[in-house]
Amino acid sequence: AQKVTQAQTEISVVEKEDVTLDCVYETRDTTYYLFWYKQPPSGELVFLIRRNSFDEQNEISGRYSWNFQKSTSSFNFTITASQVVDSAVYFCALSEAYRGAQKLVFGQGTRLTINP
Amino acid sequence: DAEITQSPRHKITETGRQVTLACHQTWNHNNMFWYRQDLGHGLRLIHYSYGVQDTNKGEVSDGYSVSRSNTEDLPLTLESAASSQTSVYFCASRQGVAGELFFGEGSRLTVL
Chain A
295 AQKVTQAQTE ISVVEKEDVT LDCVYETRDT TYYLFWYKQP PSGELVFLIR
345 RNSFDEQNEI SGRYSWNFQK STSSFNFTIT ASQVVDSAVY FCALSEAYRG
395 AQKLVFGQGT RLTINP
Chain B
21 DAEITQSPRH KITETGRQVT LACHQTWNHN NMFWYRQDLG HGLRLIHYSY
71 GVQDTNKGEV SDGYSVSRSN TEDLPLTLES AASSQTSVYF CASRQGVAGE
121 LFFGEGSRLT VL
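Taken in sequence, the protein lines are chains A and B.
Sequential numbering from 295 applies to the first sequence in the working numbering.
Sequential numbering from 21 applies to the second sequence in the working numbering.
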């Protein structure tokens with residue numbers, strides 16, 4: 295069965311620090327997709343990134359970067375030079391590709407607080 | 021622009037009452053989902069549907085039901101609301117196994 299674990303329940307850092315949010319997943323499928331979502335204090339869920347299991351290249355988008363390592367079943371998210379606006383709950387999610395399993399399973403979320 | 025909308029956004033009800041949360045999407049997605057969000061549990065899947073007349077139970081389906089009579093709508097019904105069902109409910113939709121999940125704005129339900 296698919297499972298996602300975000301062991302860090304809460305993280306608090308000072309603005310401009312770098313911070314990494316961990317995500318570990320479990321799946322028996324060889325083809326799967328990993329996602330990160332952001333939930334700011336306003337409550338909506340915002341899509342950040344999707345990565346398929348065949349693409350292990352790291353992704354960088356501005357101050358955000360993602361490190362996908364199949365060997366450790368991890369898909370970690372790093373924010374460089376954090377800002378107060380990055381304060382949110384972040385969710386990692388997994389979707390298996392075989393027929394009939396098109397649902398996303400989410401981790402418990404990590405609440406990130408960036409202090410000025 | 022295509023979107024996914026939920027109603028009501030906030031509802032207070034009493035234990036034992038039937039409650040229905042509406043979800044409507046204009047993406048024409050086959051796959052629709054209901055999640056609940058509770059502190060310490062993240063987003064947990066309640067029910068999901070892969071198309072018209074198809075419904076499936078998620079990990080926390082007890083006390084909930086859904087029906088899918090058309091592509092656009094997946095209403096979530098609490099047959100007899102319980103205090104344990106106080107939560108924020110999110111409807112979502114996606115196309116295929118690789119597509120991102122599009123979420124509604126959430127419905128906050130309080131059961132007294």
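Everything labelled a hint here was simulated from the structure, so no lab data went into it.
For every residue, glycine included, the Cβ atom is placed at its ideal position computed from N, Cα and C.
It cannot be assumed that every hint is accurate.
Chain A side only, calculated, beta carbon under 7 Å to chain B, not exhaustive [to be verified]:
{"hint": "1", "residue": "Tyr327"}
{"hint": "2", "residue": "Lys332"}
{"hint": "3", "residue": "Pro335"}
{"hint": "4", "residue": "Phe341"}
{"hint": "5", "residue": "Ile343"}
{"hint": "6", "residue": "Ala391"}
{"hint": "7", "residue": "Gln402"}
{"hint": "8", "residue": "Ile408"}
State the violated hints by number, sorted upward, taking the hints as numbered earlier in the document. Checked against the structure, the hints that fail are numbers 2, 3, 5 and 8, while the rest are satisfied.
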